[in-house]
Amino acid sequence: MEPGEIHALLGENGAGKSTLMNVLYGLLQPDEGEVLVDGRPLKAKGPGDAIAAGIGMVHQHFMLVPVFTVAENVMLGAEQVRGGILGVLDRRRARRQVTEVSTRYNLRVDPDAVVEDLPVGVQQRVEILKALTRDVDLLILDEPTAVLTPQETEELLGIMGSLKESGKSIVFITHKLKEVKAIADRITVIRRGRTVGTASPSASEDELAALMVGRTVNLTVQKAAAAPGDPVLEVEGLVIDDERSVRAVDGVDLTVRAGEVLGIAGVQGNGQTELIEALMGLRPVLHGTVSLAGQRIDGWPTKRVLRAGVGYVPEDRSVDGLVKEFSVAENLVLDVYDRPPFGSGLVLRPDAISASARERIPEFDVRTPSAEAAVGTLSGGNQQKVIIAREMSRPLKLFVAAQPTRGVDVGSIEFIHRRIIHERDIGTAVLLVSSELDEVIGLADRIAVMYRGRILGIVGPETPREEIGLLMAGITDATKTDGTQTGTAETGAAQAGTAETGAADGTAETGTAEGGAGSAATPDGPVTPAPDVAGSEETR
Amino acid sequence: MSTMTVEELAVTVRPGFWTRDRRVGAGAVLLGLVAAVLFGSLATGEDARFTLSEDAGGAALTIDGTVGAILFGMVAAAAGAALLAGLPKRWFVPLLGVAVVGVVLSFLCWQVSAAPTGQNFMPLVNIVRGTFILALPLIFGALAGVLCERSGVVNVAIEGQLLMGAFAGALVGTIAANVWVGLIAAALGGALISLLLAIFTIRYLVDQVVMGIVLNLFAVGLTGFLYERLMQPEAAKYNQPPRFEAWPIPVLSDIPVLGPALFRGNIFLYLALILVVVIHVALFRTRWGLRTRSVGEHPTAADTLGVKVLALRYRNVLLAGMVAGVGGASYTLALYTFSKNMIGGKGFIALAALIFGRWSPTGALLAALFFGFADQLGTYLGAIDSSIPSEFLAMLPYLATLLAVAGLVGKVRAPAADGKPYIKG
Chain A
1 MEPGEIHALL GENGAGKSTL MNVLYGLLQP DEGEVLVDGR PLKAKGPGDA IAAGIGMVHQ
61 HFMLVPVFTV AENVMLGAEQ VRGGILGVLD RRRARRQVTE VSTRYNLRVD PDAVVEDLPV
121 GVQQRVEILK ALTRDVDLLI LDEPTAVLTP QETEELLGIM GSLKESGKSI VFITHKLKEV
181 KAIADRITVI RRGRTVGTAS PSASEDELAA LMVGRTVNLT VQKAAAAPGD PVLEVEGLVI
241 DDERSVRAVD GVDLTVRAGE VLGIAGVQGN GQTELIEALM GLRPVLHGTV SLAGQRIDGW
301 PTKRVLRAGV GYVPEDRSVD GLVKEFSVAE NLVLDVYDRP PFGSGLVLRP DAISASARER
361 IPEFDVRTPS AEAAVGTLSG GNQQKVIIAR EMSRPLKLFV AAQPTRGVDV GSIEFIHRRI
421 IHERDIGTAV LLVSSELDEV IGLADRIAVM YRGRILGIVG PETPREEIGL LMAGITDATK
481 TDGTQTGTAE TGAAQAGTAE TGAADGTAET GTAEGGAGSA ATPDGPVTPA PDVAGSEETR
Chain B
1 MSTMTVEELA VTVRPGFWTR DRRVGAGAVL LGLVAAVLFG SLATGEDARF TLSEDAGGAA
61 LTIDGTVGAI LFGMVAAAAG AALLAGLPKR WFVPLLGVAV VGVVLSFLCW QVSAAPTGQN
121 FMPLVNIVRG TFILALPLIF GALAGVLCER SGVVNVAIEG QLLMGAFAGA LVGTIAANVW
181 VGLIAAALGG ALISLLLAIF TIRYLVDQVV MGIVLNLFAV GLTGFLYERL MQPEAAKYNQ
241 PPRFEAWPIP VLSDIPVLGP ALFRGNIFLY LALILVVVIH VALFRTRWGL RTRSVGEHPT
301 AADTLGVKVL ALRYRNVLLA GMVAGVGGAS YTLALYTFSK NMIGGKGFIA LAALIFGRWS
361 PTGALLAALF FGFADQLGTY LGAIDSSIPS EFLAMLPYLA TLLAVAGLVG KVRAPAADGK
421 PYIKG
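Line by line, the protein sequences are chains A and B.
Sequential numbering of the first sequence, starting at 1, is according to UniProt numbering.
Sequential numbering of the second sequence, starting at 1, is according to UniProt numbering.
Next comes chain B alone, as it looks inside the complex (with noise of 0.2 Å):
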């Protein structure tokens, strides 16, 4: 007979009616009708156009403000009402995703509706070209994190790659006149960073996450201090960076509205988006993933099957920084100049998509988007001259990451030896 499967210790759960889905689902419901009757009452009986296009022209979807508002409510609040019956745990991430969606677009219906007369319209090319930009060096920035924090190396420095990647990129693109030159440049920019990251960490064991925001601050006064001795009194000379023109993919680019939003972007948004699929693929189907994962949660273990712990800390902490620096070029050799401290913080929202994003490739992809889509829709109700703060809005990404991090929309686990430096022995 056999008495090992008497001995299993599996965990009961308490049963208990409010399980976490069904706490999200009330939230949901009570959000939703919240929408329809705030939304609904102060939408205005204008039609809002959600136009195809980046202006008023062309293909419209056109609804009445009061009724949309009220509709798209009331679709939220019956997702909430699914997820409080009890589906089967599959239908979780549809169910609260119909009901996110449903929120805001009441919340848009009643916007669109009440702006100014001969406004009345969201042109979503823009939006959703604007997403994507405003969200690529949150995605650069986000992968970053996840090549270093999967093997165990908190990645607070992301703010100083990305800003060491801009950096040089825009001064040595400029130097060269070349832009692959400083496409290189900025990736090693970043990897700079790294390198003190990782032999301080590594070799040294200092505190990561105090030698990250070292890392931070040294980024920003080095380049501050180079571009205001160096570039500001010779910009034509240091600082004109050349830039990266827009390559349109033939076939693709046709598509309505993701077409010209996604299929005419220039190299860092394909690149971005190649990135995450590899980086997914490449840390879930292959040898080094397997190890870098074993690394990121047991390195003990991994260094008693032969695996070198620090060696693939060292060289994905590196990979990493290579990664932010060019994110940091997106910046600089595509869109603006390099200026003192111009990633902004925008690392720090990056660690944010991280932590949203799970520490997976994918999921960091969707927060990013996630939270370039609220600064969009910020940049855009401050166009039509909203009632709304823009300060509001902005604040909402981060309230949405307060509420991933306590665990309300899932189980969030970082790799179990993030942030513990491996002492051999």
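Chain A with its partners taken away, still in its complex shape (with noise of 0.2 Å):
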């Protein structure tokens, strides 16, 4: 690594890149080897070795302390105190660090505003500041764009460029390879624990992939035009809430044809989950309905959903979607294990199950030592083969896939792919939640757009990403042109936020400043969480 470079990583899912950088930053002791800083070698016993000699790190999942506020967070582990060995805080001037640093890059955070209520964009700015303030010269980013919508990407993108021009070393890990052309000065790819190579950004996107998993691979999802038949999945005016009894669904109109891809984007954390798990009877529905091919099922157990022909592959494989200690064979009939050939009356068939699994995991190329292997030992992709698998071979009508190659090599997710295409082209109507763009883009033929527990828009997968991303954000035509309108429609929910959080007036023009009618917009403004729509209630 050389000064003021930007050097990116990248490398699939479980190819060891998160793992060496956890060894640079001291979290993981090397077996062998060593790591040289300045040309001195670093014996990082922890992470505060590693800080000491100047290496920063962000993490994928963010290390913030939810309920602590901004200062409190940058500050831990290199508190600023007074009064001797009692260590008393000096919140004040920790606050005024925060300011500083985070005026000097232009990473605009307002230091008291408490972590959980930020956006995670921001929540992201905060790590970067924690590093900051630690005057590292070396940035590792774990997949810092997995979570952000494109237009946070965008943002992203340009304070490394600023970084960069201050002098500092950014280690960017990813496997998202438009990023890499877009940033790096120099990639390094890994697979499987080694260096399979090094490529400039003018390497061709095909060249990174092929070099990435080791062999050609195509990168577009092949599939014919698809064939709409009758609507299979109808969903009209769906209201659900989460745990906190907080709105997570708000008033959704779906169609899914069969033979058709619908796909589900926006940022996570939108109501897809929500959604998903209502429709399928593990979350109840507040208001509206459900029909699965012309049959209200909303209000159904999940058991008989399941048994009238959908396929469900949820979000959270290992929480959800398996048992990790059973087998394959064991995981592969969860669904039907009740039911001949699997079980009759008080017992169970274990010759027709591994029978079954011995058919299923070939056809699925599941690769396992063997049908009795614990699923828990194998990678995510095959892992989700597994599920796969399981809820593919049920005669179904209606497939939902909730982030179907999340965690998931790219052999597999082509094969993942391919199989979705296929469950199209035989008449199931397929229904695709995914924080990726690209493949909802790629495999969808409609695409919805969520934002806020609404659908804010539905388009063809041609439209620009651009367009695509604003909608994301939350900002439709309709709020470019003319602010009133979204005002009128949200101010149920404008209500309500303000009553919580009490007073938003500060910030509350921040909020509208995309969309509003002219309005003053003051983007270097501090950032705390308005709901935005407050905003929208004043401009009226």
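Calculated directly from the structure, the hints in this document are not laboratory data.
Bear in mind the structure is a predicted one, so any value in this text is a computation, not a measurement.
Please note that the accuracy of each hint is not assured.
Listed next, with one range per pair, are the computed distances between beta-carbon atoms [what the hints assert, rightly or not]:
| no. | chain 1 | residue 1 | chain 2 | residue 2 | range |
| --- | --- | --- | --- | --- | --- |
| 1 | A | Leu282 | B | Phe284 | 34 to 42 Å |
| 2 | B | Gly118 | A | Gly83 | 55 to 63 Å |
| 3 | A | Thr198 | B | Lys424 | 29 to 37 Å |
Cut-off 35 Å, straight-line C-alpha distance, at most; resulting in silico cross-link-like pairs (DSBU-like, lysine-lysine) [claimed, not checked]:
| no. | chain 1 | residue 1 | chain 2 | residue 2 |
| --- | --- | --- | --- | --- |
| 4 | A | Lys45 | A | Lys164 |
| 5 | A | Lys45 | B | Lys308 |
| 6 | A | Lys176 | B | Lys424 |
| 7 | A | Lys397 | A | Lys223 |
| 8 | B | Lys308 | B | Lys424 |
| 9 | B | Lys420 | A | Lys43 |
Ideal Cβ placement from N, Cα and C applies to all residues, glycine included.
Given two chains presented individually in distinct reference frames, assemble the corresponding complex, making use of the accompanying hints.
Right under this line is the structure:
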């Protein structure tokens, strides 16, 4: 690494990128070999040593204490104190430090905001601030764009550029080729724990992908035009609350036809999870209806929904999709274990269960030592293929897939995408939810963009990414041209928002800055979590 | 143009009329009216006297029983009605307090006025002092819980820590014939239980709750065995602990009611109050506190910033044991000689006080006092031949805890990593 360089570390999930960086950062100890910093070997026994050597890291899963303020999070571990050994916190100095560093690098954050109230993009800014206040020369960013909207990603790339100009070096870990090409000075590709090559950013995406996977891959999904039939899934006016009784889905209408893929795009946490869970009978529906092939299914228990011909790939496979300690064969019949030929009365029929596993393992290309191996020992991609195999082995009317390729290697992604398209081509309606915009664009025949529990628009897959990106950030044509329109639509929510958080006036105008009818935008003001809709109301 | 302002995922909470405040308010109205009607009709026309001393003599606040019961019931109902009307958030706690106190006073007016003739008085000094004495082990125990759980280790072993402290204080105090030596031994005794808790849960990742229960049983068994084999046969040699005398504080001890009740106590009372303040300040104002809370909420984050998670947990768990150990000594070095299983479940009530007090030192203090008051009230009502069975009153604190934990009286949120062992990497 050289000073002022952005070095991209490219590799598939599980290639060893994060492990390597955790060693660098002192979280893991190397079995062999050493790390050199300025020519001297670094012996990082813990992150403290790494920080002292000028290395900072922004983790994939943010390392922020949700109930602490920004200032508290930034100073933790390097507290500003007075009063000698008593170590009384000097909050004023801590706050000043945050303000100073954040203005120096143009990372706008309110030091007194509580982290859990901040949007993901701002939380990431806090993470970067944390490293910068520790005067690091080398900043490691581990998959920083995974949770960001396209616009936030742009902004992050901008920040990285300005950090580079001020002489900081950055290691940028990712598997997204576009971003690498956009910002990196040098690219190192890692596969199965080895460096397999270096490339310059001028290399084409296909070349990089081939290097990453070890063979040529087909990045685009091959598919014929869809031949949509009758509506299979019809959702009308669906309203759902999350665990904390906060409205998660707020009046969603959707129709998915036989033989088409409807993709739901959106930044995570905009109600997609709740929507899917409600469809599957895992979460109560407050208002609205869900129909499957003309029959009301809302309020049905999950088992009945599954039996009615719905296949389901949950978004968190290790928690909701599999019983990790069970064997592959057992996991393959979790849905039908109580039905012949796998079970009757009180007994299971192990022969039938392993026989079916022997059939399905090759069919779905599950790489496992045996059908009896515990599913938890397989790689992410193979675990996901077990779920796909199970769900696609029933006759389906509707296939619901949430984040079907999250944490899955490129080879398995190809396979899973092909199976989904295959399912579509045999006349199943497919509902796909993914926070990877590329995946949605590649697979879907129609794309519904979800933002704050609503569908902001349904567009075709040929729509430019930027346009979808704007929708994902909640900006519609209506808000662009006429702020009052959304103001009216969202007044109800706005009042609730203001009542809850108290006066949001101070920051309200930043909320409308985007679409407000010519209201003075103050993009440089500190960002506090104010419900943006409160602003629209004010404009009215 | 900034785009970040619109992507905020701020939540919109359902407006709805029946907010938590309103539900609680409606409950208070109902309870206040029931108190006014029920207690008012049961109360006699006798005066209810609340004397500012330890007996029937001296100055007193006097009110007609029926009038008082109805009046205070109505006060509670009025506070509830104010909540129902939807006042700003900051009024919630004070109004709830008024409602609770109103119902309690209404109840007392009935009880005191209905007492046998000649006993229609309630000596406030006794009540306040008794409340604090009964609350003492709870305060120490709950503080031990705060220290542990804020750093992410569930402390079910409070009972064992109290018991071990009581035992060690009695034994060593007797042998050394010195209260201070006994006090130090008590702290170490509590720390011993903590050490076992720390080693097994932090180093060997044994489930923290299971380990806590095991340690409680271990403490009962060990002290019981030594009591029967050692203390009982030769009580004079091993179980005659010296006692801390009361230390009246000049000036303050002359304040009416509070003076004699609070400022003529022994070292344990003062220590408990000081510890509440010290731990509260330390937890929220110092580097140690910030790190403790970060380890209890998100240990991985703390680790990535160079905070030594396991060392900090060890230290806090040991400190907690010492605090609880001293709490145990508040029995044997001030009140009684040691006896088998003498803590008798107070450690678990302390755990409830910790939760009721929402893992904050001051909250724990208030919860402990509330439990202590209920306990003391039971004793008092027994003394005036009340028609209310004392078992019923003894049940009330737990009922209150249940309501609190169920989220009725505000959001109860444990430290996020409480009970979760931290494994590096």
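*Take the C-alpha atoms of lysine 420 of chain B and lysine 43 of chain A, compute the straight-line distance between them, and say whether it is at most 35 Å.*
29 Å, holds
_With the threshold set at 35 Å, check whether the alpha-carbon distance from lysine 45 of chain A to lysine 164 of chain A stays at or below it._
Holds: lysine 45 of chain A and lysine 164 of chain A sit about 28 Å apart, inside 35 Å.
*Are the Cα positions of lysine 397 of chain A and lysine 223 of chain A separated by 35 Å at most?*
With a Cα-Cα distance of about 20 Å, the restraint between lysine 397 of chain A and lysine 223 of chain A holds, given a limit of 35 Å.
*Are lysine 308 of chain B and lysine 424 of chain B close enough, with their CA atoms no more than 35 Å apart?*
Measuring from Cα to Cα gives roughly 11 Å; hence the hint holds.
*asked:* With the threshold set at 35 Å, check whether the alpha-carbon distance from lysine 176 of chain A to lysine 424 of chain B stays at or below it.
replied: Holds, at about 28 Å.
*Do the beta carbons of threonine 198 of chain A and lysine 424 of chain B sit within 29 to 37 Å of each other?*
Check passed, 32 Å falls within 29 to 37 Å.
*Is lysine 45 of chain A close enough to lysine 308 of chain B, meaning Cα to Cα at most 35 Å?*
11 Å, holds
*For the pair glycine 118 of chain B and glycine 83 of chain A, does the Cβ-Cβ distance stay inside 55 to 63 Å?*
58 Å, holds
_Between the beta carbons of leucine 282 of chain A and phenylalanine 284 of chain B, is the distance compatible with 34 to 42 Å?_
39 Å, holds
Figure legend: structure checked against the earlier numbered hints; every hint is met.
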